[in-house]
Amino acid sequence: MAETSIEWTDATWNPVAGCTILTAGCTNCYAMRMAARLEAMGQEKYKDLTRRSGGRAKWTGKITLDWKALDAPTKWTRSRLVFVNSMSDLFHTDVPVDFIAAVWRTMETTPQHTYQILTKRPDRMAEILPGKQFKVLPNVWLGTSVEDSRVLHRLDDLRTVPAAIRFASFEPLIGSVTGADLAGIHWAIVGGESGPQARYMDPEWVNEIERMCRDAGTAFFFKQWGGRNKKAAGRELNGRTYDEMPSLAQTSC
Numbered sequence: 000m001a002e003t004s005i006e007w008t009d010a011t012w013n014p015v016a017g018c019t020i021l022t023a024g025c026t027n028c029y030a031m032r033m034a035a036r037l038e039a040m041g042q043e044k045y046k047d048l049t050r051r052s053g054g055r056a057k058w059t060g061k062i063t064l065d066w067k068a069l070d071a072p073t074k075w076t077r078s079r080l081v082f083v084n085s086m087s088d089l090f091h092t093d094v095p096v097d098f099i100a101a102v103w104r105t106m107e108t109t110p111q112h113t114y115q116i117l118t119k120r121p122d123r124m125a126e127i128l129p130g131k132q133f134k135v136l137p138n139v140w141l142g143t144s145v146e147d148s149r150v151l152h153r154l155d156d157l158r159t160v161p162a163a164i165r166f167a168s169f170e171p172l173i174g175s176v177t178g179a180d181l182a183g184i185h186w187a188i189v190g191g192e193s194g195p196q197a198r199y200m201d202p203e204w205v206n207e208i209e210r211m212c213r214d215a216g217t218a219f220f221f222k223q224w225g226g227r228n229k230k231a232a233g234r235e236l237n238g239r240t241y242d243e244m245p246s247l248a249q250t251s252c
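Numbering-wise (numbering that gives the first Met the number 0), the sequence shown opens with residue 0 and increments by one.
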């Protein structure tokens, strides 16, 4: 477990490390840079997960399964919101179903924690989760990343997954998502890209998502404007912050 500065969670848990660039939202993934740093610090778990290309760290496609990390949440004394696999994607094609099931067992046996699983592969999630070894757990939220209108189909895949809470992360938001259907999506996170190569986020793209959330009854969380200096840019939208969270009382599977 690692404490985190991510605004919408308390901690991260990484039983999987490593990934593969999939779509435009992956181009400047912070986890690639972090994995390279952790390897340089001698952490074996991150060895060979990235390579240098164009002066930057990029995923090699190698995946590390950290079996020893599976029981970590059982040792945390305080209840937490937990972002699962901030350094990977639990539903990457190279993560075996039996390993995903092991992660599920840990989450089931630690109901004091709430787990947030975010994937860019909701199609695989939709294929796996109807399995009888994957109960719908009230403490597990399932989400997908949507960076622009080219991947709106991910929301359709997510809607088919039985879940206590479904959420969409519009981060990094690099284009308009006009036409997004938020029916059955209980929570939306919006954020601009940050870091040295950060791409522009138009305020109107953010405002249109906020309006869609109001129409759909979806909780709206504005994380950041991003940019090269995200702290300076802040996280106010139209003069205020938005820290809405979903409620189990308002949802159904």
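None of these hints come from the bench; they were simulated from the model.
On a predicted model such as this, the values are computed, not experimentally measured, just so you know.
Incorrect hints may appear among the rest.
[To be verified] Derived lysine-lysine pairs resembling DSS-like cross-links, with alpha carbons at most 25 Å apart:
# : residue 1 : residue 2
1 : Lys229    : Lys57
2 : Lys57     : Lys74
3 : Lys44     : Lys61
4 : Lys44     : Lys74
5 : Lys67     : Lys44
6 : Lys74     : Lys61
7 : Lys74     : Lys134
8 : Lys44     : Lys57
[Stated by the list, open to error] What follows is a set of in silico ranges between Cβ atoms, one per label pair, in the way DEER data are often shown:
#  : residue 1 : residue 2 : range
9  : Asp97     : Ser246    : 18 to 24 Å
10 : Gln111    : Leu151    : 19 to 25 Å
11 : Leu151    : Arg239    : 36 to 42 Å
The C-beta atom is built at its ideal place from N, Cα and C for all residues, glycine as well.
A quick look at each hint next to the structure:
| no. | hint | verdict |
| --- | --- | --- |
| 1 | Lys229 - Lys57 | holds (22 Å) |
| 2 | Lys57 - Lys74 | violated (33 Å) |
| 3 | Lys44 - Lys61 | holds (11 Å) |
| 4 | Lys44 - Lys74 | holds (20 Å) |
| 5 | Lys67 - Lys44 | holds (11 Å) |
| 6 | Lys74 - Lys61 | violated (29 Å) |
| 7 | Lys74 - Lys134 | holds (23 Å) |
| 8 | Lys44 - Lys57 | holds (16 Å) |
| 9 | Asp97 - Ser246: 18 to 24 Å | violated (33 Å) |
| 10 | Gln111 - Leu151: 19 to 25 Å | violated (35 Å) |
| 11 | Leu151 - Arg239: 36 to 42 Å | violated (28 Å) |
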